[in-house]
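Enquirer: One line per chain: the protein sequences are A and B, in this order. So the first sequence is numbered by the working numbering: it starts at 274 and just counts up by one. So the second sequence is numbered by the working numbering: it starts at 22 and just counts up by one.
Keep in mind the hints are simulated off the structure, nothing from the lab. Model, not experiment: these values are computed from the prediction. Treat the hints loosely; a few may be bogus.
Below are the DSSO-like pairs computed for lysine-lysine, each with C-alpha atoms no more than 30 Å apart in a straight line [to be verified]:
| # | chain 1 | residue 1 | chain 2 | residue 2 |
| --- | --- | --- | --- | --- |
| 1 | B | K395 | A | K359 |
| 2 | B | K228 | A | K302 |
| 3 | A | K396 | B | K395 |
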Amino acid sequence: MNEGEDWVYSEIVKEHFLHPRNYLMGDEKKFDYDAVGTVGNPICGDQMRMYIKVHDGRIVDLRWKTYGCASAIASTSALSELAKGKTLDEAVEISAKDIDDYLGNLPKHKFHCSILGHDALRKAVENYRKGSPLE
Amino acid sequence: MIYLDYAATAPMLPEVLEAMHEAEKKFFANASALHTPGHLALNEIEETRESLARLVGAEPSEILFTSGSSESNNTIVRTFEGHEIFTSPLEHHSIFEAAKQFSGKKLPRLYSFMLANNETGDILDVASVVREASQVPTPKESELFEAKDDFGRELVTERKGAYVHSDLTQALGKIPVDVHELGLDYATFSAHKIGGPVGVGALYVRKGVPFRPLIIGGNQEGKRRGGTYNTVGIIGFKAALKKIAEQKSWELYDTKVRELRDRLARRILEEIPGSSLNTDLTPGASLPNILNASFRAAEGESIQLYLDAEGVIVSTGSACAAGDTRPSHVLMAKTGDAEVAHSSIRFSFGLSSELSDVDGVMEVLPGIVSRLQKISTIEMEEK
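Okay, chain A solo, but in the shape it has when bound (with noise of 0.2 Å):
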């Protein structure tokens, strides 16, 4: 049983799930974006939407949206914050165990979870190079 202080978690994916940084509250209009991606499905679990706001080749904001899992929640936000200010190359580098050790390592069973942010981030960059923003 968990009573906040003694989480499964570490104490900064607790923060980045309690405290979710760059998400996108309601409508995505608010929001003034180049780039989209969009990957899972809800029908097989979680799904996550990354918005990337890009400027010079570099992604100057970016906000997402998820119907995912406390992992996923805590991971796409770390992410969130190591992506902004990254040019598109160096975003798309990133990579899950960047995430997981910026996060001090989510638990192993929740390791795939911290991929959907990633990979939704990946999507946007392919979509914005493509020239169709929108998916």
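Add chain B to chain A, keeping to what the hints say.
Expert: Below, chain B alone, put in the same frame as chain A:
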């Protein structure tokens, strides 16, 4: 903390803690030993057997102790190894997975259906299963019928085409259960769902029906289950059984607990957009202490952990572990809708639950669900 996960494990009753604490000092001896301390320990075990038998309408000789429901369930499935086993994905994994692995084509057949579902609390019409089982013709011979005791007497005097097992783990203490009225050949029980310790279970095996021990190599339980008696745990079970029999716990569940459960259900439907119930609240249709609800566009595990952070303890059917993101097999089987299953939360009450627990949940749950719905990739339909 608001604890609403009684269906997973109930906290140990104070009477149980006290009895076990005493037992650690008084009844430590091996209950199979012939000396006095061993004999005194065995007396305690036999009293527990009688308590459980009386409570569920069995003979004491028809009850044997196990390490818990999973062992009890596995024991019955393995008794019918190689035989037809009819069960359902709504069952606990210790039945369903075992049946998948060990069922075959031989008769007699085993039917295994739990009386009350773990996740939704739904009560099954066991009588219809018993009726169906009674239609199966008895095979002329079966290795299951051949069992004999040490004197060469036939052990299986009830030769039938099909036998019925029911997992009564979730039902015990919540509604009246009588193995004879239900028409069962086998039934599974557990101590930790009624305020006893984890690691103690029991099995009802009707006199004269086939049985094969799962653990062999000891004379305990009339050679039906080897292994040194867990005397202290069984004494804890006795204290829990005594308490539920004295207070007629099923009557309290039917009144006090039902009221709390139904109040939470009403408030969820009224106050949380996109909510729906997976439990039928009609009296008799479900256990009075379980409420399973889904929240559109909000993922169950996230709801569970945001509630946890607020000190509200519940469970979810949206397990996501070891690379397996499939939602609860029970809710999938019941609803056929992965999103409903993924967005589900089970609230389960106990006799110590109070009105303030319901109010406490409703102070935080609407905000948590609303926030998850707003960051969700799934659109909320307009009401």
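Enquirer: Give a verdict on every hint.
Expert: Quick rundown of the hints versus the structure:
1. B:K395 <-> A:K359: At roughly 27 Å apart (the allowed maximum being 30 Å), A:K359 and B:K395 satisfy the hint.
2. B:K228 <-> A:K302: violated (70 Å)
3. A:K396 <-> B:K395: holds (22 Å)
When each numbered hint is compared with the structure, a violation occurs for hint 2 only.
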